[in-house]
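Peer 1: Below are the chains, spelled out letter by letter.
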Amino acid sequence: MPNENFRRELGNVFDEMTGSPSSALPDRVRSSLASGPEQRGPYWIAGVAATLIALVVIGVLFVGNPLNRQPNKIVPGTGPSPTASAAASPSPSSSAQTTPDSSLPPFVCNSSTGFVTKATTPPQPPVAFIDQVRVGTHAGYDRVTIEFNNTDPSQVDVTPQNSPSFTQSPSGQSVTLSGSAGVLITIKGADEHTAYSGSTDIKTGYSVLVEARQVQDFEGTVQWGLGMSKPACYRAFFLTNPTRLVIDIQTP
Amino acid sequence: MLAAVMEQRPQLMQSAAAGDADSFAVLIEPLLDPAYRLAAVMLDNRSSAEDAVQEASIKAWRKLRQLRGDAKSLRPWFLSIVANECRMARRQRWWSVVKLPEIPSVVSSPEHGATSDLKAALLKLSPEERLPLVLHFYLDLPLDEVARALRVSPAAAKSRIYRAAKRLRSDLTQEEVF
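Chains as they are written, first to last, in my numbering: chain Z, -18 to 233; chain W, 88 to 265.
Check before you lean on any hint, since a few could be wrong.
Derived SDA-like pairs: lysine to any residue, alpha-carbon spacing no greater than 20 Å straight-line [as the list claims (entries may be wrong)]:
#, chain 1, residue 1, chain 2, residue 2
1, W, 211, Z, -13
2, W, 253, Z, -15
3, W, 206, Z, -13
4, W, 146, Z, 6
5, W, 245, Z, -15
6, W, 150, W, 117
7, W, 245, Z, -8
8, W, 150, Z, 26
9, W, 211, Z, 11
10, W, 253, W, 227
11, W, 253, W, 242
12, W, 245, W, 167
13, W, 206, Z, 29
14, W, 253, Z, -13
15, Z, 211, Z, 231
16, W, 245, W, 213
17, W, 206, Z, -10
18, W, 146, Z, 188
19, Z, 211, Z, 160
20, W, 146, Z, 11
21, W, 150, Z, 29
22, W, 211, Z, -7
23, W, 253, W, 208
In silico negatives: residues of chain W with every beta carbon more than 12 Å from chain Z [claimed, not checked]:
#, residue
24, 160
25, 167
26, 176
27, 177
28, 250
Pairwise CB distance ranges, derived in the manner of DEER restraints [as the list claims (entries may be wrong)]:
#, chain 1, residue 1, chain 2, residue 2, range
29, W, 261, Z, 1, 30 to 36 Å
30, W, 175, Z, -7, 28 to 34 Å
31, W, 175, Z, 12, 47 to 53 Å
32, Z, 40, W, 138, 41 to 47 Å
33, W, 155, Z, 37, 33 to 39 Å
34, W, 159, Z, 1, 22 to 28 Å
35, W, 211, Z, 32, 30 to 36 Å
36, W, 174, Z, 15, 24 to 30 Å
37, W, 212, Z, 34, 53 to 59 Å
38, W, 98, Z, -7, 35 to 41 Å
39, W, 261, Z, 27, 42 to 48 Å
40, Z, 16, W, 214, 45 to 51 Å
Simulated from the structure, these hints should not be mistaken for laboratory data.
Ideal placement from N, C-alpha and C gives every residue a C-beta, glycine not left out.
Can you build the whole structure from these sequences, using the hints too?
Peer 2: This is the structure:
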């Protein structure tokens, strides 16, 4: 019978491969069982220890949040009171009311993009209309104020750069502002052609902020470039009633 | 001895589960020989096979409370631990000293020639492919125990046995294997 022949042949090969276990094997096993650790004890303890360590690490990461800091995140409405307003007019001025520094966010000096956003998304209605852009100078900072007349934009990015050159959109042409450094303000969920009729290129003559120019108003995104006489720290925040985006450039 | 142990199994199982190492040693003693043969085929090395069986015995002792089913479940459960220990031993081998198997003496006879061909074909199989063949053809485990030792369904076990056997003898039919 083929099955039996196959089985017998295979058995012979296996016998040849394995031989017999040494006679000492049962004693080896018995002694190792007698001297071995208790049932499951070490694994159980190791499991509990590993779980505790994992919980501590997760707790430290959760509380400390060392890898996901967002120092530049600012939510509209959390800033100073609505009565505190930025300086008005494109002319150099220090007569306007200023916001108390103690309640404002600190200036930041890194080159990464600062992120200023609204807590409720998507905005209702979806596009915020810019109706005014003002600049002003104050003790310690030059200020740009962008005012919205209906709602808040969905997102704002503030990006410092080492040159005052910007790319206009949608034309793609490069434009170089006055000064030697720049800041790009990107406002998403906004337009500047519905309610704004002011200047799109403001030359200030201030010590640090020397020019502000619109570089994009297209497909719900508005960009303004700031030309600065030198690289400087900045802070960004919102004021309310009406909603205003405020960018302060630190001055000596 | 196996029959005697089988009769005492429930009692031995109880005392082993209660922590009596001697009872456990008595329980697995009849299984050491098939366990060794399984390990020797998988590892192709006799001393490594004994080491694997010893290590597997300790692990089985630690995990005894995880054993489910009646006393008949002990054999496939223990053999599955041995097979797993062999897999681990093979993974560790890349950095350890490789012991070559004994060189067989050359005997020229027609029967030996057929056996040598079969052995050569067997050695070409991976240890995972040899495993169902050892369990079914060499240790004579029924299909359901092979399945439990492999931790697969009986249908999958049957398929693995047939596939591996076909690699040894391509002309085998399923009826000839089972």
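Peer 1: Evaluate each hint against the coordinates.
Peer 2: Here is what the structure says about each hint:
| no. | hint | verdict |
| --- | --- | --- |
| 1 | 211/W with -13/Z | holds, 17 Å |
| 2 | 253/W with -15/Z | holds, 15 Å |
| 3 | 206/W with -13/Z | holds, 12 Å |
| 4 | 146/W with 6/Z | holds, 16 Å |
| 5 | 245/W with -15/Z | holds, 17 Å |
| 6 | 150/W with 117/W | holds, 19 Å |
| 7 | 245/W with -8/Z | holds, 19 Å |
| 8 | 150/W with 26/Z | holds, 14 Å |
| 9 | 211/W with 11/Z | violated, 35 Å |
| 10 | 253/W with 227/W | holds, 18 Å |
| 11 | 253/W with 242/W | holds, 16 Å |
| 12 | 245/W with 167/W | holds, 16 Å |
| 13 | 206/W with 29/Z | violated, 48 Å |
| 14 | 253/W with -13/Z | holds, 11 Å |
| 15 | 211/Z with 231/Z | holds, 11 Å |
| 16 | 245/W with 213/W | holds, 18 Å |
| 17 | 206/W with -10/Z | holds, 9 Å |
| 18 | 146/W with 188/Z | violated, 78 Å |
| 19 | 211/Z with 160/Z | holds, 7 Å |
| 20 | 146/W with 11/Z | holds, 13 Å |
| 21 | 150/W with 29/Z | holds, 17 Å |
| 22 | 211/W with -7/Z | holds, 17 Å |
| 23 | 253/W with 208/W | holds, 11 Å |
| 24 | 160 | holds, 18 Å |
| 25 | 167 | holds, 17 Å |
| 26 | 176 | holds, 15 Å |
| 27 | 177 | holds, 16 Å |
| 28 | 250 | holds, 15 Å |
| 29 | 261/W with 1/Z: 30 to 36 Å | holds, 33 Å |
| 30 | 175/W with -7/Z: 28 to 34 Å | holds, 29 Å |
| 31 | 175/W with 12/Z: 47 to 53 Å | violated, 22 Å |
| 32 | 40/Z with 138/W: 41 to 47 Å | holds, 42 Å |
| 33 | 155/W with 37/Z: 33 to 39 Å | holds, 35 Å |
| 34 | 159/W with 1/Z: 22 to 28 Å | holds, 26 Å |
| 35 | 211/W with 32/Z: 30 to 36 Å | violated, 45 Å |
| 36 | 174/W with 15/Z: 24 to 30 Å | holds, 27 Å |
| 37 | 212/W with 34/Z: 53 to 59 Å | violated, 43 Å |
| 38 | 98/W with -7/Z: 35 to 41 Å | holds, 38 Å |
| 39 | 261/W with 27/Z: 42 to 48 Å | holds, 46 Å |
| 40 | 16/Z with 214/W: 45 to 51 Å | violated, 30 Å |
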